[in-house]
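**Q** Same order as they appear, the protein sequences are chains V and Z. Note that my numbering has the first sequence beginning at 1, numbered continuously upward. Note that my numbering has the second sequence beginning at 193, numbered continuously upward.
These aren't lab readings, by the way, just hints derived from the structure by calculation. In this text the structure is predicted, and so the values were computed from the model without any measurement. There's no promise every hint is true.
Derived pair list, reagent style DSBU-like, types lysine-lysine, alpha-carbon separation capped at 35 Å [what the hints assert, rightly or not]:
| # | chain 1 | residue 1 | chain 2 | residue 2 |
| --- | --- | --- | --- | --- |
| 1 | V | K89 | Z | K288 |
| 2 | V | K60 | Z | K488 |
| 3 | V | K74 | Z | K401 |
| 4 | Z | K288 | Z | K253 |
| 5 | Z | K501 | V | K23 |
| 6 | V | K60 | Z | K401 |
| 7 | Z | K401 | V | K188 |
| 8 | Z | K451 | V | K74 |
Cβ pair distances, simulated, as ranges [stated by the list, open to error]:
| # | chain 1 | residue 1 | chain 2 | residue 2 | range |
| --- | --- | --- | --- | --- | --- |
| 9 | Z | N509 | V | K74 | 48 to 56 Å |
| 10 | V | L73 | Z | E427 | 54 to 62 Å |
| 11 | Z | G348 | V | K74 | 39 to 47 Å |
| 12 | Z | G553 | V | M79 | 31 to 39 Å |
| 13 | V | D17 | Z | P468 | 29 to 37 Å |
| 14 | Z | E498 | V | E10 | 30 to 38 Å |
| 15 | V | K74 | Z | E442 | 32 to 40 Å |
| 16 | Z | G553 | V | Q130 | 54 to 62 Å |
Every residue, glycine too, gets a C-beta built ideally from N, C-alpha and C.
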Amino acid sequence: MEKIQVGLAEIEWLELDQTWINKPMGRGDFDIQGVCDKFRVTTLDGLNMVFGIIRWPSDKPEVGYITHSSGELKYERLMDAGRLGIFDKTNGDEDVWSFELRAMKFGDGQARPTLKQVTLNDLDGLLEGQSALELLNKHSAQQVGKRIELAPADAGNRPNELFVTTRARNNNLIAVGYTLTRVLAIMKDFGK
Amino acid sequence: MPTSEIRLITEDSVSDVAGVIFATSKEFGQELGNLVNMHFLRLGQTSWFTELRSRRRREGKGDYKDPLDIRFLLFESSAPESPLPSAIPGFSDAWKEEADLLRRKLNSWMHYSLDPDLDTLEDILTVMSTLAQMSGLTLLEEIAKQVNRIHEIRNGWKPEVPSHQEPQSPEVEAFVSEVKVKKERIFARPPVGSVWNGPIGSRVIELNKNLRDALEDGVSVAHEMGPNGKEKVREWLRYFPQGGDIRVSEDGAVMGYIKGVPILIGWFGEEPDVHPDDIRGYYLPHDYEFTGNDVKDLNTGSFLSESAKEDTQEFVNLLASFLTQGQVFNVTTYGDVVHESEAEEDPIKLTRIHKDIWFVGQLG
Chain V
1 MEKIQVGLAE IEWLELDQTW INKPMGRGDF DIQGVCDKFR VTTLDGLNMV FGIIRWPSDK
61 PEVGYITHSS GELKYERLMD AGRLGIFDKT NGDEDVWSFE LRAMKFGDGQ ARPTLKQVTL
121 NDLDGLLEGQ SALELLNKHS AQQVGKRIEL APADAGNRPN ELFVTTRARN NNLIAVGYTL
181 TRVLAIMKDF GK
Chain Z
193 MPTSEIRLIT EDSVSDVAGV IFATSKEFGQ ELGNLVNMHF LRLGQTSWFT ELRSRRRREG
253 KGDYKDPLDI RFLLFESSAP ESPLPSAIPG FSDAWKEEAD LLRRKLNSWM HYSLDPDLDT
313 LEDILTVMST LAQMSGLTLL EEIAKQVNRI HEIRNGWKPE VPSHQEPQSP EVEAFVSEVK
373 VKKERIFARP PVGSVWNGPI GSRVIELNKN LRDALEDGVS VAHEMGPNGK EKVREWLRYF
433 PQGGDIRVSE DGAVMGYIKG VPILIGWFGE EPDVHPDDIR GYYLPHDYEF TGNDVKDLNT
493 GSFLSESAKE DTQEFVNLLA SFLTQGQVFN VTTYGDVVHE SEAEEDPIKL TRIHKDIWFV
553 GQLG
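Bound conformation, chain V alone (with noise of 0.2 Å):
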């Protein structure tokens, strides 16, 4: 599969449906079995890391760490930060997966980053000229606006927050959405 380059960062994808044992986010009670699908981010700052798709039998599907070979310190705060939940809705024939665009932020007096309400403009400056929506339209977005505009039904306690809608299993735009407000927000230490 071609490699998908996100500013200075570069996707590849790994094997797809492996196995993965862990206990779906937001879930501290047992671990249980789901299925992933690995992609490796390489930066031009020496980045090597190893993150998963997983889908599980009833929860919903996220983006998490598998492993990484190499990399600056920092990289390693989405060992244990940063996961990316992901709404898997039908939508009369249509299964639809949509998901925030919130990234790893630094905030006033943080040692470190953790995710954070941002702008399309705020992406932007993540890129190198890039724009961030002509990127995500690129990967088959269908929707991207407010939470509270494109899920009004269930846009939950951040109404204002940056939402993009695909159809399901669009890997490439999670693994795109991903590396955006992870990788690279971390790699231009945002907000700092």
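With chain V held as given, fit chain Z onto it using these hints.
**A** Same frame as chain V, but now just chain Z:
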């Protein structure tokens, strides 16, 4: 009995342990055999041994040339319709049971299946002592002295002058050299789960517990071990459950550091140079009884179904195809399941098991 000539054990060495076991077995056979012989002579049965020998031959049983051979005496004492029990002083069901136990232990010993250490020696002497007591043998006193010395050695006793190695009998010499070969083999290829003594492998891979997979630069290497590669990796995780960096040596030994010590956690593919029928290692110091639908640890009384971490049904089914209810078997430090039947001269390996379908804490 020449109790004045007995050589008390002076150190916890293979040579001393083997020396005492061989010598005491011999004395046991001589004293008991002479009593048995006298009994028959008193009855005027001078050819009892010749008759028994031909009967054994007719029944296809092993031949013994010496009526004072302990193995012959133990075998015959539990053979149905044998005249021997009537000639054994103090014979009873309990005697027969202990004799059977001693026969199995000596057989295991002769097949190098028992760790040649003080524990094994004491274990064998204890059974001999029970029999000696029931039959009123003078050997009892000598055994008591040996057992006492074993306790002294454990408590730090040392000979005042370093004992010069007295020459052992050829029987003991041969045994000791065979044990040495076995020990070297175990050192070079220890059971999975023990300290790895070989060269540390240069290939570093990652055992990822969430993926149940082994990775090199993030990509699975399980396929290098063939279609069952991922099952192999899952076996490694039994011994290295947290996962992390592991090393593969040139001959395929896979090791990981646990608390700073290199532990053999498995093999990359099949372990080289191992014949599937080989019985390796020493028996765990327990006897196990097949109950028909479970396994009972005769030393602790606990049942496998209540102790094992994983489901044991498949293993129990397999046992049922080899053993009948009430039969006793052993398991080696390598997980080889071994049955010593009376019909076969050599112990038979039934299967090999891993630690999680066995009594917790006994294997690996």
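**Q** Now tell me, hint by hint, if it's right for this structure.
**A** Hint by hint, here is what the structure shows:
| no. | hint | verdict |
| --- | --- | --- |
| 1 | V:K89 x Z:K288 | violated (75 Å) |
| 2 | V:K60 x Z:K488 | violated (46 Å) |
| 3 | V:K74 x Z:K401 | holds (24 Å) |
| 4 | Z:K288 x Z:K253 | holds (19 Å) |
| 5 | Z:K501 x V:K23 | holds (21 Å) |
| 6 | V:K60 x Z:K401 | holds (21 Å) |
| 7 | Z:K401 x V:K188 | holds (31 Å) |
| 8 | Z:K451 x V:K74 | holds (27 Å) |
| 9 | Z:N509 x V:K74: 48 to 56 Å | holds (55 Å) |
| 10 | V:L73 x Z:E427: 54 to 62 Å | violated (34 Å) |
| 11 | Z:G348 x V:K74: 39 to 47 Å | violated (57 Å) |
| 12 | Z:G553 x V:M79: 31 to 39 Å | holds (33 Å) |
| 13 | V:D17 x Z:P468: 29 to 37 Å | holds (34 Å) |
| 14 | Z:E498 x V:E10: 30 to 38 Å | violated (54 Å) |
| 15 | V:K74 x Z:E442: 32 to 40 Å | holds (37 Å) |
| 16 | Z:G553 x V:Q130: 54 to 62 Å | holds (59 Å) |
Checked against the numbered hints above, the structure breaks hints 1, 2, 10, 11 and 14 and satisfies the rest.
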